[in-house]
Amino acid sequence: MMVTVSEVQTEADFEEVAPKKPWTQVAMDLSRKQPLGVFGLAIVLAMVVAAALANVVSPFNPLQEHFDAMLVPPGTDSYLLGTDEFGRDILSRLIYGSRTALLVGFVCAIVGSTAGLVLGVASAYFGGLFDLILQRVLDVFMAFPLIILALAVVATLGPGIENVMIAIILPFVPQCARVVRSNALAIREIPYVDAARALGFSNARIILRHMVPNVMAPYLIMLTTFLGQAILLEASLSFLGLGVQDPIPAWGLMLTNASEFFEGSPWVAIYPGVAISLSVFGFNLFGDAVRDTLDPKLRSR
Amino acid sequence: MGKYIFKRVLLMIPTLIGAAVLVFLLLRMAPGDICAVRYLGSGLAIDESQIELCREQLGLNKPQIVQFFDFIWGYVIFDLGDSMWTGQPVTHEIAIRFELSLQIAIMATLVATVIAIPLGIISAVRQNTMTDYLVRGFAIAGIAIPSFWLGLMIILGLLIVTQSWLGEPWMPPIEFKSIWEDPIHNMAQLIWPAVATGYRYSAVATRMTRSAMLEVLREDYVRTARAKGMVEKIVINRHALKNALLPVVTILALEFAFLMGGLVVTEQVFNLNGLGNLMVDGVERQDFAMTQNLVMLVVIIYVFINLLTDLAYAWLDPRIRYS
Amino acid sequence: MSKYAGFAFALAAGVGLAVGAGGSAKAETPKKGGVLNFIVAAESPSYDGHKESTFAMVHPTRPFYSLLIRVNPENPSSPTDFQCDLCVGGVPKPTDGGKTYTFKIKKGVKFHDGQTMTSQDLLATYNKIIFPPAGVSSARKAFFKMVDTIEAPDDETLVFKLKFATGAFIPALATPFNYTYSAKDLKEHGYDWHEKNVNGTGAFKFKEAVAGSHVEAVKFDGFHMDGKPYLDGYKALISRKMAIRVQAIRGDRAAIEFRGFPPKQRDDLVKSLGKDITVQESDWNCVLLFTPNHGRPIMQDPRVRQALTLAVDRWGGSQHLSRIAIVKTVGGIAFPNHPLAANKAELVRLKGYGTDLKASREEAKKLLAEAGKAGIKFELLNRGTDQPYKIVGTWLIGQWRQIGAEVTQRVEPSKSFYNSLRKTKDFDVSMDFNCQSVINPIVDVSKYIGSAGNNYGNYAGQDQELEDIYNQLVQEGDEAKQREIMRVMEKRALSDQAHEGITLWWYKITPHRSYVKGWKIAPSHYLNQSLDQVWLDK
Amino acid sequence: MSEAQATAGQDFGAQFRGQVSDEVLITVKGLKMHFPITEGVIIPRKVADVKAVDGVDFYIRKGETLGLVGESGCGKTTTGRCILRLEDPTAGEIIYDGKDICQLNNNELIDVRKKIQVIFQDPYSSLNPRMKIGEIIGEPLRVHGIITDEAKRRERIGYLLGRCGLHPDFADRYPHEMSGGQRQRVGIARALAMEPEFIICDEAVSALDVSIQAQVINLLEELRDEFNLTYLFISHDLSVVRHICHRVAVMYLGHMVELSDCDELFDHAMHPYSQALLNAVPIPDPELEKTRGHQIIKGEIPSPINPPSGCVFHPRCPLAVDSCSQKIPDFREVRKGHWVACTEV
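Those sequence lines, one after another, are chains A, B, C and D. FYI, in numbering that gives the first Met the number 0 the residues of the first sequence are 0 to 300. FYI, in numbering that gives the first Met the number 0 the residues of the second sequence are 0 to 322. FYI, in numbering that gives the first Met the number 0 the residues of the third sequence are 0 to 537. FYI, in numbering that gives the first Met the number 0 the residues of the fourth sequence are 0 to 344.
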């Protein structure tokens, strides 16, 4: 009659977990299932490597002006991609610029989506008046097109990289909070949250330990979407003269400066634009693969 | 349905009030002074009293709260006030630019629709084939390439191509003429920005068409239609497309709303005298009257189009009304 | 004025290096007809010349109006060659010890609406400019501090009585903003009417304007100069982006942009259009400076400020930057080539103007070390305008890097730039500029004294010696002595105290379609814009 | 244990029931839980109430297992959630250890929560999928400082797993690597970790396969005896209830209609609703089943938003008389320990 420990143990033996595949196998499977995603990841990794090793791989100091070689076309002397109006090597500036792009991309995406995550989960967990007010506040922020809100914020705070990042993060927060909240609302109804409450855990613990880890899928999807968007927004704001400022190397800034010289010297505009497009392309491909893997139904623009 | 519409319209009120407060606060917190820009920008020595006089005439020395209620009261009595820069009524300034922005938005929508729907369908029907990958690559590239950079490249291409073909460089016209007045002039100017923004826009719409089609193609009724031996083309046209179109139309509508005021950078590249340009000017000059109202106009368009798409969803899918 | 006459001739030949066909216009007979399209880089808030101060107002509206006197359109590069516009004969000599100027007014001058212009209109105009009623804007009231009274004893006479004799009066009268309005308009429509309405005696009549896009004008048949204007009309197109303005010239959407293009754009245009492009160039009465904020502890030590100016390679910069930015000439505080300006031999004695760059930079490093500020770190505040601010700013940072200074740049749009400069004074070193219309060095150099309204260095009251030198300069009547005092002031402001660091003077480059004739470049983008003498060779 | 034995547990029920003392552990008095329905877009306002629990009284003695039965939606789960303070009751008292649980603030509540635990119905959703089994069981031990030493805690987790019939190595597994029955054992182990006095089993076995059900029920009984636990056993499965419970309470539409000893209720149900409920239970013997007359309750369950007046059961009651629609029947003790809310019995 009585079930013994040993009995159950045998039951458990039946359900051995499948052995972990070697990572090469995982990578192969992934590239077969998500070829575009792997391609995107490769671009992102290349960028990360370029940024990390910028001082090793750059042929020149990105700040060094060469007044004897101003606006020379690609291939002149050792300037592979030519120089800008101060005779600074474009390739070196592009390589160093990937640091700025990655900084803006990752900081904005991570801070924006994490803030959205906390707000969204808290809103779903506490419900009531807090949720109601937060929802209305988010509605207000969502009523602005992304670029308009970012423009207004950076106009208020003033140009510069920190302010641009704030201006980009701000519109991201409500977007992520909205998506996370709807997921968290469903999770709030799942008994393990009740179990945690019955165990007498604090609200903070329940939110952080029990709800947050379970809305990781939408969170990661939003995060990867934001990566590319942040880089694009930074480029747009820079083009309006509100972003990163000389002499710091940054792609958007290079494009801004180029807008004055690009007719006679097209390379000053072409390469930074290609760098921006390629990196956003990579981030988007990677993000799409993440989305497909985590939740094929979750769509976002 | 009536109740649902009422509810959604009612929900717009706090959103718009909140947006008005936010816009006001953001703009007023910004450092700077339109009068300083007006008198000091040229570098000429100007009396400080001139700047004070200018502030007084524009009402900038009134307490902020009074200025806020003046701003809100303007909406109540349908008087948006005058631009602080030109002194012209804000409505007049906006009206001048509205036609251009509207036309670009419409043209870009046409470009996007013509490209996006066929591509999205092909991509979905041939999921995971080379065609699909190419279309998806095209679409993701469209989202990745900044429209303003594409614009620069278009201009560059135009100059190079016309110089080598015609011997004389050709440029699109600088000033806007209405399509009714001079269609050739109009098109020669606006086709380029429409293409530059239309590409990004079509990329967004292609992705949406593809995923909506994929979802619909998995549904039972499509499978049933196929099982009944219907010709594939009819299945797609009659059954799948019709049902996949709703999210596509939504995305088109939202992008349209965005184009009406969000083209702040592309308009710079093409020297378009549109709403986006007006916004950048307003922000740069600290023209509160102009910027406040312009941002509110964009927000209203945005919220209103959002409302329309929500209503369209609710009308087609009764479940939404009760959730 | 006569004391400048000899110089004027020399300058006309020397400064206004008109390249290409522009200079030879005299030989040809003007053709009539055609519409001139030109580009303006910004949009003016209003059409009221008395109120505004931007070239974006001058370019589209100056042809609507006449001035009492103006810079000679045939010789605009001269700082002293003025001619009568609404008066008869030459510019009158002062009487009463230089304190009374009596103008004979031209008869039969018509306003666009048919009114006849008399001295009463000029009286009303100048009363509005010099003695505006409370609440009425007049941007250049301060230019006329010397004026005591204005009278119009009859319809053909206008008399200015001054409080003291000064050479600054005639240049102030020739300021291109002093549009002549009708007394009747001012009386009937009020002082704000001209902000949005046009009724002048100029060569062109207002036709239409679209905000943010263009201003269109047609020929005024009743213009008071016989046979003029040659053009049927003009259209001023507004375009904010430099690239577009260049493209417009290239694609012949417009024939000229009067403010000017950077050198690179000039080269591109010449390369692509060849002889269809004519380039006129001139020194420009604008100078770009960097202003250390004396309110910041790190900038209080004169040795630090001297080090900053010593680091700057002005002679090399003149060569390099003149290929990418609208700056060129190395100069002191006065407009280069003006009789009162320093020559090269005088300049090289100033700190930072030496020809031995290495020695200068060594000295700079030594000064920094002595001041205990080796490897100084600070922020350069700059204005968010590409030409020439941002280019020169970036260049300056590169120069400072050579003496071990680590400098970041904070670029702000005009609105907050001025806020930081004037109100919050939140900057270490700022880009600054001095840009005037009619060349008038004695007035223009007031910028460098701490008490001046447009001085942002925060050293008011800290350098009485400099203030005294300037007061001496203003009161000195003799030109040779003026020049001496000017040198003393220059040395004190730029070298001994290094209150301000002058970078380079601007350089105006106006490439235009070769078919535009009769327009001559002036040393200021405010001057010579009446367009009555311009014609098209098509 | 065979399937037939498990479902026909009544044959064996009594012999497994542990010792019940006379000491009352928990008393519920006049418990009401109304959920407001709000309307209004910008400022919500209450327009109606869902009366999920509308005046329920009972007590549970130490060591006793009280079954709470009724159709879904009758308020039995809500009653359990109120005791756990997962809901804030609208009215009533829940006296535990001489304190009213409803009045406790968050800090005071923690002490009570250590003593009252819960086992949920769905083993798939009651465990956090992102945590390992060891963490799930160990978390309360750590958070409440019951065992602060890491090694000792692991030992305790191993013991709890073993006691609930799982190998201690399961501590390093994730829930998705386990079967439903195994997960439910984890749920039990988690409840036990706090060393509670009182466990609410909310449909604790309903979601399990019948064979596993029996194992888990046996485990619950063993644990009750071993740790001297008290259970509130919420279930809609009458056969399981008969197997494990000392006393049974029947709920209908937020009201308690009958409460008595288990055998008494199964043999002599008095309330017409209880009778109908019992009648609906199939008898495993097909011959017997055929001869049995089914009494089917007419009509639908009324909405708890707008419950019927008087006796809430009257619209469906075969015994209903006119007065039933006006007078709310008292919950009266008809025999010793047998309470019924009906005027007609």
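There's no promise every hint is true.
[What the hints assert, rightly or not] Cut-off 30 Å, straight-line C-alpha distance, at most; resulting in silico cross-link-like pairs (DSS-like, lysine-lysine):
1) C/Lys-206 - B/Lys-176
2) B/Lys-176 - C/Lys-218
3) C/Lys-357 - C/Lys-424
[Stated by the list, open to error] To be clear about the criterion: a stretch of chain A counts as covered by chain C if any three or more of its residues have a C-beta under 8 Å from a C-beta of chain C, and this derived list gives those stretches:
4) 209-223
5) 271-279
6) 287-293
Read the hints as simulated data drawn from the structure, not as lab findings. All C-beta atoms in this analysis are idealised placements derived from N, C-alpha and C, irrespective of residue type, glycine included.
Of the hints stated earlier, which fail here? 3, 4, 5, 6
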